[in-house]
Amino acid sequence: MTSFLQLVAHDLYTQIGNDLSRTAIVFPNKRASLFFNEYLAAETDHPLWSPAYVSISELFRQLSPLKLGDPIRLVCELYKVFREETKSEETLDDFYFWGELLISDFDDVDKNLVDADKLFTNLQDLKNIMDDYDFLDKEQEEAIQQFFQNFSIEKRTELKTKFISLWDKLGDIYRHYRTNLTNLGIAYEGMMYRNVMEQLNTDQLHYERYVFVGFNVLNKVETEFFRRLQDAGKALFYWDYDVFYTRLPHEQKPPYTHEAGEFILRNMKHFPNQLPESAFDVLRKPKHVRFISAPTENAQARYLPEWVRDLKLEEKKLKEKENAIVLCNESLLLPVLHSIPSEVKNVNITMGFPLAQTPVYSFINSLVEMQTTGYRKDTGRYTYESVLSVLKHPYTRQLSTAAEVLEKQLTKDNRFYPLPSELKQDAFLEQIFTPQNGISALCCYLTDILREVAVIYRQEHEEESEDIFNQLYRESLFKSYTLVNRLVNLIETGELSGLRTDTLKRLLNRLLTSANIPFHGEPAIGMQVMGVLETRNLDFRNLIMLSLNEGQLPKAGGESSFIPYNLRKAFGMTTIEHKNAVYAYYFYRLIQRAENITLLYNTSSDGLNRGEMSRFMLQFLVESTHDISREYLEAGQSPQQSREICITKTSEILERMYRMYDIHRHPDTFFSPSALNTYLDCRLMFYYRYIAKLKAPDEVSAEIDSALFGTIFHYSAELVYRDLTANGKEIRKEDLEALLKNDIKLQTYVDNAFKKKFFHVDLTEQPEYNGTQLIHSKVITSYLRQLLKNDLQYSPFFMEGMEKDVYDVLEIAIPTGNLSIKIGGTIDRLDIKDDTLRIVDYKTGGTPKTPESIEQLFTPADNRPNYIFQTFLYAAILCRKQPLKVAPSLLYIHRAASDNYSPVIEMGAPRQSKIPVNNFAFYEDEFRERLQELLQEIYNPDIPFDQTENTKRCEYCDYRSLCKR
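All you need for our numbering is the position in the sequence shown, starting with 1, plus 376.
Simulated from the structure, these hints should not be mistaken for laboratory data.
Just so you know, not all the hints are guaranteed correct.
In silico DSSO-like links for lysine-lysine, alpha-carbon gap of 30 Å or less [to be verified]:
| hint | residue 1 | residue 2 |
| --- | --- | --- |
| 1 | K955 | K494 |
| 2 | K1025 | K1132 |
| 3 | K629 | K645 |
Quick list of simulated restraints, FRET-style, between CB atoms [stated by the list, open to error]:
| hint | residue 1 | residue 2 | range |
| --- | --- | --- | --- |
| 4 | D1038 | E798 | 23 to 31 Å |
| 5 | L795 | P441 | 50 to 58 Å |
| 6 | D754 | R882 | 20 to 28 Å |
| 7 | D491 | E868 | 37 to 45 Å |
| 8 | R882 | E460 | 20 to 28 Å |
| 9 | E1179 | N885 | 44 to 52 Å |
| 10 | L1139 | E1179 | 37 to 45 Å |
| 11 | S1337 | E1179 | 29 to 37 Å |
| 12 | L1139 | P811 | 25 to 33 Å |
| 13 | P652 | S1000 | 36 to 44 Å |
Yeah, the Cβ is synthetic: ideal placement off N, Cα and C, and Gly gets one too.
Throw the hints in and build the complete structure from the sequences for me.
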């Protein structure tokens, strides 16, 4: 394969010889010069004077006395002109992003040498003097006529009126803006290009000849520049193309113009090619072409190892640099880098690593978010979520020893809105958690913290500093610092004064997301990983293109513009057709010399991707004479069957169980009803929680789940009855009636419960409720009221205890003798009326169940009444500790509104009369017998801790990730 640059190098050397010192070679971009230099050196064994290499944009910058302006400053300068010309009171915040749009339009006006006076003339005048526009060709004239057919000046809407009023001012804004920039010695790119053309003197150019290599679509400035140099005898032109999309379409019947060759044909007509057409008939030569569809974006990257193996690089003695991976979707860079196999020794990445994928980007984002939307100025507090994202960041962890402890403390205390004072645990955290007011303070705050972060990389050991990621992250830190510093300078000079914080956030985010960190390496060595634009002028023997989807190549949608499409077309400005033609040329030019072409596209239709192959692939499929193989990628299916988990009770596990729950060794340990219920529901869960002691990580959530809702209600009820029993245990009707009339007092009980159980703050502190929490608070207050109404009907009675601990000791046989085990827990409420001790368990959710028998409580099943098991366990304990009748009760608050509601538990088979359990003594012996059997089973070495058969219980289990259920 002879590449285009090789052809140019050979022809140029043949024409000019060894001394190219007075020659400048101009490329569309700089990358081609590195490859060209290598080809030029290969033309001779003797030393030669190298030419100067320059990109077209660099050439114009060299020729202009003006400097390219900072993009942000350019918008600020335009804003000043806009305010002067329109007398508008619009803020810089509102103006900024469409100001960028206006500069883009002005740039296009200048690059295409448009007569701005005629373009920005009064629309009415433009319509009236249409006939005088003799400089327009027929197509352009039709475009203007089309514009006025669609845009009626007479029929005005509010939007149209605003457009016309601004349009009439654009000419003045354009002229005034250019004058101001000239006085400042700066320019946007188009203005600089136009300025060069207006002052160009070809006799004073630095080089004797300029060689223009590999250009395609030219704007008017470039065309005029080429023409002036051609007239002066100082220009040579090398165009890269193929007859497949230039001459051959015109020989068809009927003839047509191929979009890839449209502009090349026009260029060669004005600026003849130095190379003969015979060198450009390569696309029809034999090629191995494959079209491969993939189900996802990442699947394409995972195909790369197979593609590399198929190349057989070592066997065929191929150079790595003759192979290219071209990414139409540049966000695939990381998956691609991870997928390149080890047999590829060298890789050259041309596109740069996105700053948005480095730790410093997420750190800056977290800091800005915390200091803006994460900080409440009215209360002087931060939000938990914004604080947590900063505390969890690796940079914070490395620079603050207190960060991890602080994070755990905030989580434990449910601190939704922490104060800055409680976050300042060390010097670094004090710097981070100091509120910032205004855009200047915010930017300076970021630069100060980035300087602190730089210490991490300075302290790295020398051997570690060679790590590629350390180099990358160090560069990303420096790049971020310079970007933020740019904003600081613009704020200090007054360019960005008055900018709102949210606009600064968007501006900073745009700067960071568009920035790339260049990879260091030798560009002309190794397999090339590149974006589409970097492929210009380069040829590869083996080529794979990823994400060749419609919408990726060509890119979907045209750029926004204030100048309507038909006027752009009429005045010869850039339109979407230009851009599509450019991408068509890139595609065809890239594949024309390649021998092995593999084109992949994604068939999934998610987001903006429609799952279609690019129009260029389809076009090539139709027009090409090559035998194209159509293939598809399919991920190898290996369904993962979840392995059954069964923990055998080894001697070590049994010894641990004896040790943990023997009251002679650990008097405070006990089996609660919850533990026994857990065993009956799932033995493995029991093992994880009560034997292995695996705890689910604590989380702070602004949401109140059903368990927390119940806890807050329980504590509210406890506070109420603590006050009612302050002077005695009797609960009287008149006290309940008085309390039911006092709404403020009831709400205070609930607020205090929230402070204690949810917000974890002092009773003197006023917590911040969000909307959902406020609703929960009101619901709990209504439940509390319902509880008091029920008790009003039951009163008078005596409150024997609230949140009272009760325990009993049972003995079970083990191989070494008897093991004494404590069982019990905390009863919500005990009250006495007449000869009955009532155990009351509050329930704020669920449906009352009626057990058929005691046996049902101990039989694992989906609908096993576990709440009743708990209450019966307490009843069994209390039957032997006092002489009264024990009535176990479940008070379902949300169902207790009816006058005849009774919380006493009933038993009985379905469709038979139910018996209320007013005296548990009748059931105690059977319950204790089965309880003894259950404890004996737990310690039975022959019964393992296995998974439940009822997978419904797995849906919300804390250990689901361990079980893989």
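Hints, verified against the model:
Among the hinted pairs, K955 with K494 is consistent with the structure: their alpha-carbon atoms are about 25 Å apart, no more than 30 Å. A distance of roughly 41 Å separates the Cα atoms of K1025 and K1132; the hinted pair therefore is violated under the 30 Å criterion. Straight-line distance between C-alpha atoms of K629 and K645 comes to about 23 Å, which keeps the hinted pair within the 30 Å bound. A hinted range of 23 to 31 Å for the beta carbons of D1038 and E798 is inconsistent with their spacing of about 42 Å.
Under the hint 50 to 58 Å, the C-beta atoms of L795 and P441, about 57 Å apart, fit the expected range. In this structure, D754 and R882 meet the distance hint of 20 to 28 Å, their C-beta atoms being roughly 24 Å apart. Remark: the range hint 37 to 45 Å for D491 to E868 is upheld by a beta-carbon distance near 39 Å. Taking the beta carbon of each, R882 and E460 are about 25 Å apart, inside 20 to 28 Å as hinted.
Under the hint 44 to 52 Å, the C-beta atoms of E1179 and N885, about 51 Å apart, fit the expected range. Between L1139 and E1179 the Cβ separation comes to about 18 Å, which falls outside the hinted range of 37 to 45 Å. Distance hint for S1337 and E1179: a CB-CB separation of about 33 Å, consistent with the stated range 29 to 37 Å. At about 27 Å, the beta-carbon gap between L1139 and P811 stays in the expected band of 25 to 33 Å.
Here the CB-CB span from P652 to S1000 is close to 24 Å, at odds with the stated 36 to 44 Å.
Going down the numbered hints, you'll see the structure goes against 2, 4, 10, 13, while the others check out.
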